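Protein chains: 2
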Amino acid sequence: MAAWWRAVRGVLLDISGVLYDSGGDGGGTPIAGSAEAVRRIKAAGLKLRFCTNETQATREEFVKKLQGLGFDISVAEVTAPAPAACRILKERGLRPHLLVHNDLVPEFAELDKANPNCVVIGDAAENFTYANLNEAFRVLIGMEKPVLISLGRGRYYKETDGLKLDVGAYMKALEYACDVEAEVVGKPAKPFFESALAEMGVPPEQAVMIGDDIVNDVGGAQQCGMRAVQVRTGKYRPCDENHPHVKPDAYVNDLAEAVDILLQQL
Amino acid sequence: MAAWWRAVRGVLLDISGVLYDSGGDGGGTPIAGSAEAVRRIKAAGLKLRFCTNETQATREEFVKKLQGLGFDISVAEVTAPAPAACRILKERGLRPHLLVHNDLVPEFAELDKANPNCVVIGDAAENFTYANLNEAFRVLIGMEKPVLISLGRGRYYKETDGLKLDVGAYMKALEYACDVEAEVVGKPAKPFFESALAEMGVPPEQAVMIGDDIVNDVGGAQQCGMRAVQVRTGKYRPCDENHPHVKPDAYVNDLAEAVDILLQQL
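Chains as they are written, first to last, in this note's numbering: chain A, 1 to 266; chain B, 1 to 266.
Hint data in this document are derived by calculation from the structure and do not stem from the laboratory. Hints may be right or wrong, so weigh each one.
One copy or two, it doesn't matter: identical chains are merged, so the pair holds either way.
To be verified - Calculated lysine to any residue pairs in the SDA-like style (CA-CA distance at most 25 Å, straight line):
1. K158 to N127
2. K64 to R87
3. K90 to K113
4. K247 to V180
5. K158 to G142
6. K190 to A57
7. K158 to T129
8. K65 to P30
9. K190 to D179
10. K47 to E126
11. K158 to D240
12. K64 to G28
13. K145 to V246
On a predicted model such as this, the values are computed, not experimentally measured, just so you know.
Produce the entire structure from the sequences given, and follow the hints as far as they go.
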């Protein structure tokens, strides 16, 4: 295998499609060998951080679900868009109008939401109604300088009952209507990966991102100077291997294989 | 006034915001002097064509409404996106999946809609549900080469109960999710204006467009080599007069003033 594996001291793991496959009902199925792979990374003394664009639930909720599926994971090990957005909102004195999933609302509990001066959009799922979209639009267009913060920029994702439009599509609708550009929090935004690296205390050249999304995981991590490996699980499709702009540093069949390679080098 | 007015032999009129102001309930209020202005254009022997992006009702329905408000208008005088899209679909053997307003569906009655090979999106209003958007998306992404036809590209419009996102915003969402570019039928698309000119039998240099939308009416018509006048009624806003790209050939307070100027030159 390539020599760069030997420099790795920290591992960033995507969650959905790498640890487990999610169901539309909030359930999910672990990917074979992944729970064991997480334990092996920790036992080897490598730094580990879970780096997800999950915005349909609070960190507490989906960490509990993953623990129930057999994963050794805690809330403090997770980098997710909503808490990152909260920090940004506090720093800049922004009061959000929220267009997010009901289960994500508690993440924003501490913030003042009266007389909003920005709109925060996440994967709102069933909350993406005609009325809610018009309302978010009216709040934005009513600002002297509209501020739109988007928790990710995914195009779509797959659930057991079929493909669903992701937050990025609705972000584009609001961007066009208001002639603004959204600020994206979450993968593939550089500050999001950088904050995950800082939380691990590992420089980018000693870190590897392992994910199933060629653009948001692999492309985003490489932009930050990290190595990035694509798993052939989750939303991976064979045509990803012909992506016009992004080429992973390696492909593996699944997380277990990535950890096999990694631990051979230590 | 400028000399070009004297060359005008044909007039294209936008409807909403020029003839009348629409209410969210399907009703509306005529703009003072507009019904008389339409009669004066016809009495002077000028060619006349109504050129609208209306897609919330069939031509029959909204013409009936305008007649009820006192306008001399017939279905044969109206150029609208849905019939134009129907012609394109027939020519190209396309079977549409429709994401449009319920009241527009009859315009597509003649077309085969089984096993769709394109998606047609209009201002679907309350039909822009999360489920309907996901369904249109799945039809599109399932095609080898997705074909998306959009009845206009407006950003938003005003009704009595507030601003509403227009078809253009939802078009952008689907474009982004499927990585395609929509084909726009309706203003400001060049073929749409050209077909209105052909129906009048007037060359562009002898035609004037009168509308309230700086981009879709004024910019679109000028792209076709026509003159274009913006009325200060409907969705006109003072900041339109500082538009970075589009400058009308004239401003008028309303349609009645445009017709005053026009008839003085004959």
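Do the hints match the structure? See the list:
1. K158 to N127: Answer is both: 18 Å inside a copy and 23 Å across each meet the 25 Å cutoff.
2. K64 to R87: Answer is within: at 23 Å inside a copy they meet the 25 Å cutoff, but 56 Å across does not.
3. K90 to K113: Answer is within; shortest intra-copy Cα gap is 12 Å, inter-copy 51 Å.
4. K247 to V180: Between copies only: 23 Å across, 31 Å inside.
5. K158 to G142: Cα proximity of K158 and G142: across copies only (13 Å, versus 35 Å in one copy).
6. K190 to A57: within (23 Å within a copy, 46 Å between copies)
7. K158 to T129: For K158 and T129, both the intra-copy (20 Å) and inter-copy (19 Å) Cα distances are at most 25 Å.
8. K65 to P30: within (11 Å within a copy, 59 Å between copies)
9. K190 to D179: both (23 Å within a copy, 23 Å between copies)
10. K47 to E126: neither (37 Å within a copy, 50 Å between copies)
11. K158 to D240: Cα proximity of K158 and D240: one copy only (16 Å, versus 43 Å across).
12. K64 to G28: within (12 Å within a copy, 55 Å between copies)
13. K145 to V246: between (34 Å within a copy, 22 Å between copies)
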